[in-house]
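> Produce the entire structure from the sequences given, and follow the hints as far as they go.
Residue numbers (our numbering), protein chains in the order written: chain A, 21 to 378; chain B, 21 to 378.
FYI, nobody ran anything at the bench for these hints, they're computed from the structure. These numbers come from a predicted model, not from an experiment. Check each hint, because a few of them may be wrong.
Copies of the same chain look alike in the list, so a pair counts if it fits in one copy or across any two.
Stated by the list, open to error - Heads up, simulated DSS-like pairs for lysine-lysine below, C-alpha to C-alpha not over 30 Å straight-line:
id, residue 1, residue 2
1, K108, K28
2, K267, K237
3, K74, K267
4, K258, K291
5, K28, K126
6, K258, K74
7, K291, K28
The chain contents come next:
Protein chains: 2
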Amino acid sequence: MRALIRRKAQLVLDDVAEPEAGRGQTLVKSLVCGICGSDLHQLHHLEHVAAAGKRSGLGDWIDPNRDVIFGHEFCAEIIEHGPGSTSKLKPGQRVVSMPFVMAGGKAEWVGISNHVPGAFAERFLLSEDFLLPVPNGLPSEHAALVEPLAVGAHAVAESGITRDAIAMIIGCGPVGLALIAALKVAGHEPIVACDFSPARRAAAEKMGAHVVIDPSKDDPHARWETLGAAPTLLEQMKWAAAGRASKPSVVFECAGAPGLIQRIIDGAPPKTRIVVVGACMQPDTIEPVIALNKQIELRFVLAYTAGEFAATLHNLAEGHIDGAPLVTDIVSLESAAEAFNRLSTPGADVKILVRPGS
Amino acid sequence: MRALIRRKAQLVLDDVAEPEAGRGQTLVKSLVCGICGSDLHQLHHLEHVAAAGKRSGLGDWIDPNRDVIFGHEFCAEIIEHGPGSTSKLKPGQRVVSMPFVMAGGKAEWVGISNHVPGAFAERFLLSEDFLLPVPNGLPSEHAALVEPLAVGAHAVAESGITRDAIAMIIGCGPVGLALIAALKVAGHEPIVACDFSPARRAAAEKMGAHVVIDPSKDDPHARWETLGAAPTLLEQMKWAAAGRASKPSVVFECAGAPGLIQRIIDGAPPKTRIVVVGACMQPDTIEPVIALNKQIELRFVLAYTAGEFAATLHNLAEGHIDGAPLVTDIVSLESAAEAFNRLSTPGADVKILVRPGS
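Written as structure tokens, this is what we have:
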């Protein structure tokens with residue numbers, strides 16, 4: 021079958037062996053799959069990602085010198101179950117799944133593995149126990165967004181944000197938009213979104229942000245007082261003395277740019293909780309004394325739970341989340357490598373989907 | 021009156037004007053006052069501290085070129101109240117107070133101000149509303165520890181630590197020992213304490229640590245599995261698959277050494293909460309991708325509430341906390357500058373108290 025392969029830090033289209041469903045596995049046809057920021061990063065820096073994973077306690081989980089087929093934000097169609105299947109889902113059924121498959125007695129990541137293909141291949145394997153049927157009426161292009169959108173649901177859950185808090189989203193790429201979607205579903209207000217890109221600001225507004233800021237024109241941290249939070253320690257004392265309530269503040273760092281965490285520590289009100297969702301891949305500098313003075317909290321969050329994944333699919337199917345503003349293009353497997361290039365300099369693009377089928 | 025003055029980054033003994041209690045203020049005699057790590061740092065680097073405070077939203081709160089009299093960990097004796105006093109506390113009564121005094125309509129820090137003296141002077145001013153009487157039987161030398169010990173009570177409260185969690189204290193100076201005291205009062209177990217200094221490890225044991233580690237001989241992060249926590253992501257998955265419970269982990273960073281936060285991120289189990297209590301005064305490097313992979317949480321905490329301060333005094337008076345292991349020397353005002361020098365290379369010393377009275 022045809023697949024888009026990462027080989028020696030390049031993307032190449034090549035034929036690979038047809039996967040075969042073992043016991044507990046299901047062979048699926050890849051209908052559509054989004055390109056994730058992590059795919060982009062892993063294309064060029066898989067050595068770093070492998071080393072960071074090892075340092076994080078994952079062991080020798082991937083060999084960057086061997087082929088990898090990316091693709092973990094997929095909607096697929098069941099072709100056939102492996103031997104001894106007890107699944108009620110029939111061939112032809114559209115499905116999504118968390119990007120894991122049990123193989124050789126352990127969980128392999130689908131989309132970042134030397135052993136199993138990801139969804140940038142015509143066909144790939146999933147575990148039948150993890151399959152979730154795509155409800156009728158939900159287009160495959162939107163079902164494929166469940167994975168990145170679940171990241172937002174998880175970050176909001178882990179943030180512990182209270183109803184009275186001001187939520188500020190820094191960076192409105194797919195992760196930031198997923199945050200806005202999750203906050204909107206939770207009925208949160210206000211949602212304040214910041215991005216340099218006009219296209220991403222427009223998408224943020226469509227996803228439900230109440231205030232949208234262009235940081236090249238307005239400092240988002242100049243807004244705190246208007247939004248209802250005492251912006252500095254001195255103001256906090258004055259407000260407290262005057263019996264004026266100050267709203268809590270939660271900032272979601274969704275850009276992963278170096279230096280950004282400290283800029284938020286500098287600009288955010290005292291006691292701000294900063295939820296770091298964007299992955300800054302290089303070492304970064306913070307100034308603990310400023311964070312101490314302001315009693316800042318930093319929560320680093322990742323991925324999602326099975327429950328959050330299923331709830332996000334439900335929210336897409338019920339129309340509580342409209343995935344349309346995320347998708348800015350859909351391309352064939354032949355054009356996928358070029359789409360990776362386009363995304364490496366984000367401009368008008370937010371999420372590009374790939375249709376691996378012929 | 022005599023006072024120890026910070027003047028041009030030096031400590032000098034000099035005569036200064038006698039303070040006079042205004043309305044709402046109380047003139048007190050300084051009985052005993054501890055030297056804090058922040059005094060030490062501010063002696064040499066007040067410009068940095070002033071700038072960091074300004075950047076943290078405190079405005080122009082101190083002029084490093086003008087005289088400052090340190091001393092904010094005090095036990096004092098009431099000399100006289102200012103005009104119109106309604107205080108029930110009589111002259112001769114021993115008192116402690118949070119280190120603030122209302123002066124000229126605003127709160128001045130006692131011990132770090134250009135306008136009011138700290139407790140390294142024979143006499144100083146407090147606000148009569150903030151005075152707490154020292155219960156009979158509590159020696160002044162132990163009452164003076166209420167301020168640093170309240171820092172521990174606050175850090176434990178802000179940590180949100182649960183009963184089942186493993187508490188690890190990195191650095192057993194006065195801050196680390198205060199943490200151990202507060203965890204002990206809360207009935208927490210196990211308390212694991214780490215310090216390179218034998219004297220500080222001995223103090224940690226006396227304060228109630230259950231496990232004491234010399235990091236020059238044993239890597240504290242090699243202990244997690246024995247303590248009951250899955251130490252890595254891979255182990256976490258294995259434990260989960262085997263139905264083996266993993267205890268939560270909370271690490272209190274009480275040393276403030278550069279690079280230490282990242283070393284804890286590297287060594288601690290996934291989902292560890294790191295409570296930063298030690299003030300690293302210089303920019304520090306973290307690697308967000310490792311923190312993300314491990315879903316680490318960083319809480320920067322500072323100071324205490326009025327309730328925590330009062331509760332700590334109560335715990336000292338009732339014998340729930342024994343301050344004795346903290347105090348390694350008591351010196352006169354004449355020897356205080358030399359005691360500052362000794363503390364700048366911590367060895368056998370933990371907390372040195374100063375008796376400013378003649």
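> Compare the structure with each hint and give your call.
Hints, one by one, checked against the model:
1. K108 <-> K28: Result: close neither inside a copy nor across copies, 41 Å intra and 80 Å inter.
2. K267 <-> K237: Cα proximity of K267 and K237: one copy only (25 Å, versus 48 Å across).
3. K74 <-> K267: between (40 Å within a copy, 22 Å between copies)
4. K258 <-> K291: within (16 Å within a copy, 37 Å between copies)
5. K28 <-> K126: Within. Shortest intra-copy distance 26 Å satisfies the 30 Å Cα cut-off; inter-copy 65 Å does not.
6. K258 <-> K74: Classified as between; 16 Å across copies, 48 Å inside a copy.
7. K291 <-> K28: neither (46 Å within a copy, 34 Å between copies)
In this structure, the hints that do not hold are numbers 1 and 7, in rising order.
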